[in-house]
Amino acid sequence: DSGVTQTPKHLITATGQRVTLRCSPRSGDLSVYWYQQSLDQGLQFLIQYYNGEERAKGNILERFSAQQFPDLHSELNLSSLELGDSALYFCASSVDWSGGQEEQYFGPGTRLTVT
Amino acid sequence: GNSVTQMEGPVTLSEEAFLTINCTYTATGYPSLFWYVQYPGEGLQLLLKATKADDKGSNKGFEATYRKETTSFHLEKGSVQVSDSAVYFCALSEANFGNEKLTFGTGTRLTIIP
Chain A
174 DSGVTQTPKH
184 LITATGQRVT
194 LRCSPRSGDL
204 SVYWYQQSLD
214 QGLQFLIQYY
224 NGEERAKGNI
234 LERFSAQQFP
244 DLHSELNLSS
254 LELGDSALYF
264 CASSVDWSGG
274 QEEQYFGPGT
284 RLTVT
Chain B
-4 GNSVTQMEGP
6 VTLSEEAFLT
16 INCTYTATGY
26 PSLFWYVQYP
36 GEGLQLLLKA
46 TKADDKGSNK
56 GFEATYRKET
66 TSFHLEKGSV
76 QVSDSAVYFC
86 ALSEANFGNE
96 KLTFGTGTRL
106 TIIP
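Going down the list, the sequences are from chains A and B. Just so you know, the numbering used here puts 235 at position 62 of the first sequence, and the rest follows in order with no gaps. Just so you know, the numbering used here puts 86 at position 91 of the second sequence, and the rest follows in order with no gaps.
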């Protein structure tokens, strides 16, 4: 158990809908990262938050957005869903900025299926 | 940009065989290198890491050495077990003003048969 929790575990929804994925980082971790794992794209970085502020953006679609709240949990919002958004979405957390040397702890993921 | 290239799988070995999974990288600076493992139905777990050239990361019998001259970080284990069956990801992190995103390889699925 990494200490990172994600809810829900599974989500099935229809095209055009909007969903919210939730992540609680390990106690004390200030950075939260979101990754998407799909068969065709592999594991891709979406976005990073550090202590409530957006730190970096990766290959995140405009239909997707995220935020980190004062209690440090984070939510990833996916809207106008398309079939191609079906994937496993991982949240990870790390303690602090440390020049890229710090381990990221991954949650169990949320499997999103868009029908 | 940064990239990681892993040997394609799937890889199937017999128990107690020697394992090598090749990983090479492209980066503009001096990245940290990682191997993560994903067991069926689970999230990723850090297996080992190396943060500078010639460092050797090791854990659970697995080893990988950071080779700057060949830009490689190959994963090795001398004697694999059935419990090592999983997907292995090579990754790098090159911090840039706090952006510590991981760039992953495509993953290598390893199956160990008794």
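No lab work stands behind these hints, which were simulated from the structure alone. Remember, predicted model here, so these are calculated numbers, not experimental data. C-beta atoms are modelled at their ideal positions from N, C-alpha and C, and glycine is treated no differently. The reader is advised that the hints may include incorrect statements.
Stated by the list, open to error - With a Cα cut of at most 30 Å, we get these calculated DSSO-like pairs of lysine-lysine: (1) Lys182(A) - Lys47(B); (2) Lys55(B) - Lys72(B); (3) Lys51(B) - Lys63(B); (4) Lys47(B) - Lys72(B); (5) Lys72(B) - Lys51(B); (6) Lys63(B) - Lys230(A); (7) Lys182(A) - Lys230(A); (8) Lys230(A) - Lys72(B); (9) Lys47(B) - Lys63(B).
Unchecked claim - Computed spacing ranges between beta-carbons, pair by pair: (10) Arg195(A) - Phe13(B): 27 to 35 Å; (11) Ile185(A) - Thr15(B): 38 to 46 Å; (12) Gly24(B) - Gly201(A): 34 to 42 Å; (13) Asn232(A) - Ile108(B): 31 to 39 Å; (14) Pro243(A) - Lys47(B): 19 to 27 Å; (15) Glu10(B) - Thr188(A): 29 to 37 Å; (16) Leu256(A) - Ala12(B): 37 to 45 Å; (17) Lys63(B) - Thr286(A): 36 to 44 Å; (18) Ser253(A) - Leu8(B): 41 to 49 Å; (19) Asn250(A) - Thr15(B): 40 to 48 Å; (20) Gly73(B) - Glu255(A): 20 to 28 Å; (21) Ser200(A) - Asp49(B): 28 to 36 Å; (22) Glu255(A) - Ser74(B): 40 to 48 Å.
Hints, verified against the model:
no.: 1; hint: Lys182(A) - Lys47(B); result: violated (37 Å)
no.: 2; hint: Lys55(B) - Lys72(B); result: holds (9 Å)
no.: 3; hint: Lys51(B) - Lys63(B); result: holds (12 Å)
no.: 4; hint: Lys47(B) - Lys72(B); result: holds (21 Å)
no.: 5; hint: Lys72(B) - Lys51(B); result: holds (13 Å)
no.: 6; hint: Lys63(B) - Lys230(A); result: holds (27 Å)
no.: 7; hint: Lys182(A) - Lys230(A); result: holds (24 Å)
no.: 8; hint: Lys230(A) - Lys72(B); result: violated (35 Å)
no.: 9; hint: Lys47(B) - Lys63(B); result: holds (8 Å)
no.: 10; hint: Arg195(A) - Phe13(B): 27 to 35 Å; result: violated (43 Å)
no.: 11; hint: Ile185(A) - Thr15(B): 38 to 46 Å; result: holds (40 Å)
no.: 12; hint: Gly24(B) - Gly201(A): 34 to 42 Å; result: violated (28 Å)
no.: 13; hint: Asn232(A) - Ile108(B): 31 to 39 Å; result: holds (36 Å)
no.: 14; hint: Pro243(A) - Lys47(B): 19 to 27 Å; result: violated (36 Å)
no.: 15; hint: Glu10(B) - Thr188(A): 29 to 37 Å; result: violated (45 Å)
no.: 16; hint: Leu256(A) - Ala12(B): 37 to 45 Å; result: holds (40 Å)
no.: 17; hint: Lys63(B) - Thr286(A): 36 to 44 Å; result: holds (42 Å)
no.: 18; hint: Ser253(A) - Leu8(B): 41 to 49 Å; result: holds (44 Å)
no.: 19; hint: Asn250(A) - Thr15(B): 40 to 48 Å; result: holds (42 Å)
no.: 20; hint: Gly73(B) - Glu255(A): 20 to 28 Å; result: violated (46 Å)
no.: 21; hint: Ser200(A) - Asp49(B): 28 to 36 Å; result: holds (35 Å)
no.: 22; hint: Glu255(A) - Ser74(B): 40 to 48 Å; result: holds (46 Å)
The structure is inconsistent with the numbered hints 1, 8, 10, 12, 14, 15 and 20, although it conforms to all the rest.
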